[in-house]
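> Counting in the numbering used here, the sequence shown runs from 528 upward without gaps.
It is worth saying that the hints were derived from the structure and are not from the lab. If you're wondering where the values come from, they're calculated on a predicted model, not measured in any experiment. Any given hint could be a false lead.
Below, simulated DSS-like cross-link-like pairs (lysine-lysine); rule was C-alpha separation at most 30 Å, straight line [claimed, not checked]:
| id | residue 1 | residue 2 |
| --- | --- | --- |
| 1 | Lys560 | Lys660 |
| 2 | Lys701 | Lys723 |
| 3 | Lys660 | Lys723 |
| 4 | Lys592 | Lys560 |
| 5 | Lys660 | Lys701 |
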Amino acid sequence: MKPSTHKQIRRLVEQAARLLTTPVWLAYQAQAKVLGRDFACIAVSQRAASWTGPLGIYLRRALYKQILAAMGEDVAIGMGTILTKPTIRFGNGVYLGSYCIIGDTYIGDNTLISDQVSIISGNHSMDPDRLIKDQPEVYRTILIGEDCWVGNRAVVMAHLGNHCVVGAGSVVTKPVDDYMIVAGNPARPIGDRRHKRTTTGERERAKMQAHHRRPEIYHEVQVP
Numbered sequence: 528m529k530p531s532t533h534k535q536i537r538r539l540v541e542q543a544a545r546l547l548t549t550p551v552w553l554a555y556q557a558q559a560k561v562l563g564r565d566f567a568c569i570a571v572s573q574r575a576a577s578w579t580g581p582l583g584i585y586l587r588r589a590l591y592k593q594i595l596a597a598m599g600e601d602v603a604i605g606m607g608t609i610l611t612k613p614t615i616r617f618g619n620g621v622y623l624g625s626y627c628i629i630g631d632t633y634i635g636d637n638t639l640i641s642d643q644v645s646i647i648s649g650n651h652s653m654d655p656d657r658l659i660k661d662q663p664e665v666y667r668t669i670l671i672g673e674d675c676w677v678g679n680r681a682v683v684m685a686h687l688g689n690h691c692v693v694g695a696g697s698v699v700t701k702p703v704d705d706y707m708i709v710a711g712n713p714a715r716p717i718g719d720r721r722h723k724r725t726t727t728g729e730r731e732r733a734k735m736q737a738h739h740r741r742p743e744i745y746h747e748v749q750v751p
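Using the sequences and the accompanying hints, generate a full structural model.
Shown next, in the form of structure tokens:
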């Protein structure tokens, strides 16, 4: 298929998706006037989360382009994912897996968010003299840079720089610098993407090469 034909088909699909999501967008507008934009966003997001398959991705993309503060090109949002704030902003090429909970956040270009990730932008005051449920909530925008990868079931409560990696199941409570690889609860640095990591296959090849060298130069091959 020619690239021009592919673009035309894609444009038609996107237009059809926008048309199909018009009733949901109108429902959002009506609910926003009564309940406020935050509650309306959650309500329509719960509905959109049930849309399955590739069509569901196109429908969510079309809907959120009309609701969110910014929605880049080629954003893919998996089934079951809930967006809780209309102030969310996505760059180009962002991927969100299934069953994520996304608070007020900015996610940069080409960042991958795996399944069941929570990005938490709100917190409660904790005055001991009042019930927590009666205390005000405090919100801030969580900033996630470009070219990041957040592993399954991670919880992100602080900013991530560009090119970061967050291990599966990690809880990020403090800002993460560019290129850092973090893991654990709370998440701590365990590596830097700028430092080449030797793979298991590379180590095995180095061992084989060392085995076939003369004994007097064996010490020159350093295998970590």
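> Does each hint hold? Answer for all of them.
Tested hints:
As the CA atoms of lysine 560 and lysine 660 are separated by approximately 25 Å, the hinted pair is consistent with the 30 Å bound. A distance of roughly 25 Å separates the Cα atoms of lysine 701 and lysine 723; the hinted pair therefore holds under the 30 Å criterion. Proposed proximity of lysine 660 and lysine 723 is contradicted: the alpha carbons are some 48 Å apart, above 30 Å. The suggested pairing of lysine 592 with lysine 560 holds, with an alpha-carbon distance near 19 Å, which does not exceed 30 Å.
Among the hinted pairs, lysine 660 with lysine 701 is consistent with the structure: their alpha-carbon atoms are about 25 Å apart, no more than 30 Å.
Of the numbered hints given earlier, the model fails hint 3 alone.
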